[in-house]
Amino acid sequence: MTLETFLISLEALGVIAFALSGIIEAARKKFDLVGVVMVGAIAAFGGGTLRDVLLDRRPFFWIEQELWVWLLIAVGVSLPFFFRARHIEISEKALLVPDAFGLGIFAAGGTHLALVSGQSPMVAVLMGVITAVVGGVLRDVLVNEVPRAFHDHQPYAVIAFAGGWLVVLFDFLFLPASVSVLASASVMVLVRLLAVKYGWELKRWRFL
Amino acid sequence: MTLETFLISLEALGVIAFALSGIIEAARKKFDLVGVVMVGAIAAFGGGTLRDVLLDRRPFFWIEQELWVWLLIAVGVSLPFFFRARHIEISEKALLVPDAFGLGIFAAGGTHLALVSGQSPMVAVLMGVITAVVGGVLRDVLVNEVPRAFHDHQPYAVIAFAGGWLVVLFDFLFLPASVSVLASASVMVLVRLLAVKYGWELKRWRFL
Amino acid sequence: MTLETFLISLEALGVIAFALSGIIEAARKKFDLVGVVMVGAIAAFGGGTLRDVLLDRRPFFWIEQELWVWLLIAVGVSLPFFFRARHIEISEKALLVPDAFGLGIFAAGGTHLALVSGQSPMVAVLMGVITAVVGGVLRDVLVNEVPRAFHDHQPYAVIAFAGGWLVVLFDFLFLPASVSVLASASVMVLVRLLAVKYGWELKRWRFL
Chain A
1 MTLETFLISL
11 EALGVIAFAL
21 SGIIEAARKK
31 FDLVGVVMVG
41 AIAAFGGGTL
51 RDVLLDRRPF
61 FWIEQELWVW
71 LLIAVGVSLP
81 FFFRARHIEI
91 SEKALLVPDA
101 FGLGIFAAGG
111 THLALVSGQS
121 PMVAVLMGVI
131 TAVVGGVLRD
141 VLVNEVPRAF
151 HDHQPYAVIA
161 FAGGWLVVLF
171 DFLFLPASVS
181 VLASASVMVL
191 VRLLAVKYGW
201 ELKRWRFL
Chain B
1 MTLETFLISL
11 EALGVIAFAL
21 SGIIEAARKK
31 FDLVGVVMVG
41 AIAAFGGGTL
51 RDVLLDRRPF
61 FWIEQELWVW
71 LLIAVGVSLP
81 FFFRARHIEI
91 SEKALLVPDA
101 FGLGIFAAGG
111 THLALVSGQS
121 PMVAVLMGVI
131 TAVVGGVLRD
141 VLVNEVPRAF
151 HDHQPYAVIA
161 FAGGWLVVLF
171 DFLFLPASVS
181 VLASASVMVL
191 VRLLAVKYGW
201 ELKRWRFL
Chain C
1 MTLETFLISL
11 EALGVIAFAL
21 SGIIEAARKK
31 FDLVGVVMVG
41 AIAAFGGGTL
51 RDVLLDRRPF
61 FWIEQELWVW
71 LLIAVGVSLP
81 FFFRARHIEI
91 SEKALLVPDA
101 FGLGIFAAGG
111 THLALVSGQS
121 PMVAVLMGVI
131 TAVVGGVLRD
141 VLVNEVPRAF
151 HDHQPYAVIA
161 FAGGWLVVLF
171 DFLFLPASVS
181 VLASASVMVL
191 VRLLAVKYGW
201 ELKRWRFL
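Protein chains in written order, with full-length UniProt numbering: chain A, 1 to 208; chain B, 1 to 208; chain C, 1 to 208.
Some hints here could point you the wrong way.
[Said to hold, decoys possible] Over the 10 Å line for every Cβ pair with chain A, so calculated as not near, a few chain B residues:
(1) Phe6
(2) Leu10
(3) Lys30
(4) Val69
(5) Met122
(6) Asn144
(7) Val158
(8) Leu190
(9) Ala195
[Stated by the list, open to error] Now the stretches of chain A that chain B is said to cover, found in silico as 3 or more residues with beta-carbon under 8 Å:
(10) 9-20
(11) 35-41
(12) 147-154
(13) 182-188
Since the hints were derived computationally from the structure, they do not count as laboratory data.
Just so you know, these numbers come straight off a predicted model, no measurement behind them.
Where a beta carbon is used, it is the ideal one built from N, C-alpha and C, also for glycine.
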């Protein structure tokens, strides 16, 4: 497996994780089938698309990898039958695991891509945060909720931010890209899962 | 009339239809005059602008055709006097007719534009859906509502999606662009109007 | 001080003013620390970023002036301690003063930038409006409110629109760019402050 295939497979995992989060959130809000697929697509592709627009990268990753669009439509259309057949209840908690994977993978991948395209470390880290967070923010805005990433007092974007600096560090140490991205992503997923499990909290600003 | 003039006139009709939908929705929500014009402009230009950003087309269609911006401002400022003078009540139903025209014209035009600029059929169809749907979604988000296109269980985006494949088919059959766009748009408008009239419904996902 | 430094300093003032408006609004809504910084960043950079995307200007102004990103993070993280230490209450009114400065500076600067990059007067004025208004609109959407600029019946975007034509006029009279931008921005700030002080109102459309 070449490096590029590897990074693409990782990105695919992130896409599926975020698509699921969008699909489930829209279904909970009683969106129709089209709305569910759309919100899934926007949750999955929103962050990476904004990153690509900001970095002026064309073609977009989902235009380059059209397969994932087909896959997403297939998943979106078939999932409800699957769930109905098995009487599976999706709890809000269950959603947090794929979401943690999406967070780590998108943040690490986005930071790495921006570094490679010549951005400064700070801008690259911000691109990683954008890649990881924007899809979920758009998902929450579309279902008319306050963005969970900004409001739930759990470390989320801050993990993407800190983890992005890990990518910068690993690149600075001349580690191969695959190691750098995979290691940083793993750390972020782990920290996020721990944060969820033990209920770590960010302080709220109480000055108002 | 050349092909280009023809396509521009069609697009203008779509712009006006969507602008009206934004103007009326903002007025119902008691937005001020500026807000009404702004929401109208975003409903009208949002989808095409995002399509142009994604395809990296510059100048934007509304920069190229500055006339429409002036027209929109004129319509936005004069419309309330017109309505007040005649005691016209705009029902929610009445809105659905121009909206159906906007849907068909934007979806067909957007798909065609993307095909011509060398995108694959699937990406071109998605660009058509984006052109047709994003303006309305932004309109609904700005008035702080759940996007109607994702939530009302009526076929809307799905018509843009299916109709886009019609454009692809007609192009594949080497029909002239004007015929291809006009025929596809007409089919979409017709199907949408029938869907509204007979209350066709999309299924909701009931797995949650 | 060269012209460029001057314009950048002005823009920095606008960035800080809008960042404050986002930080305060998010803090009022009990967002967590990350959310507060993010909403501040989006309020500050949203309008200019959209302008740069639409005009295809790269690198973005906040990539070029990375210093401001660091500054924003520092302000965002330190501000709550500052406020808590002094028991300062931020009233909604207090917010309107920095916001008026942001409005004038962003509208004048955005219009000037678009004119210089060769846009027509109308498009340039619209770019000024976008630069000045979009950050605040995104801020309001993210805290799940109707955009204040569209709804509060106060002149806001309309000041950016009229003031933009002032920039066009001054450029047409061959005034130096710094004079043109500074004078127009000052007029806009003044008019906005007067509008706030004396409660000037835009009419609402009453046709529905």
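So, going through the hints one by one against the coordinates:
{"no.": "1", "hint": "Phe6", "verdict": "holds (29 Å)"}
{"no.": "2", "hint": "Leu10", "verdict": "holds (24 Å)"}
{"no.": "3", "hint": "Lys30", "verdict": "holds (19 Å)"}
{"no.": "4", "hint": "Val69", "verdict": "holds (23 Å)"}
{"no.": "5", "hint": "Met122", "verdict": "violated (6 Å)"}
{"no.": "6", "hint": "Asn144", "verdict": "violated (7 Å)"}
{"no.": "7", "hint": "Val158", "verdict": "violated (5 Å)"}
{"no.": "8", "hint": "Leu190", "verdict": "holds (19 Å)"}
{"no.": "9", "hint": "Ala195", "verdict": "holds (12 Å)"}
{"no.": "10", "hint": "9-20", "verdict": "violated (count 0)"}
{"no.": "11", "hint": "35-41", "verdict": "holds (count 4)"}
{"no.": "12", "hint": "147-154", "verdict": "violated (count 0)"}
{"no.": "13", "hint": "182-188", "verdict": "violated (count 0)"}
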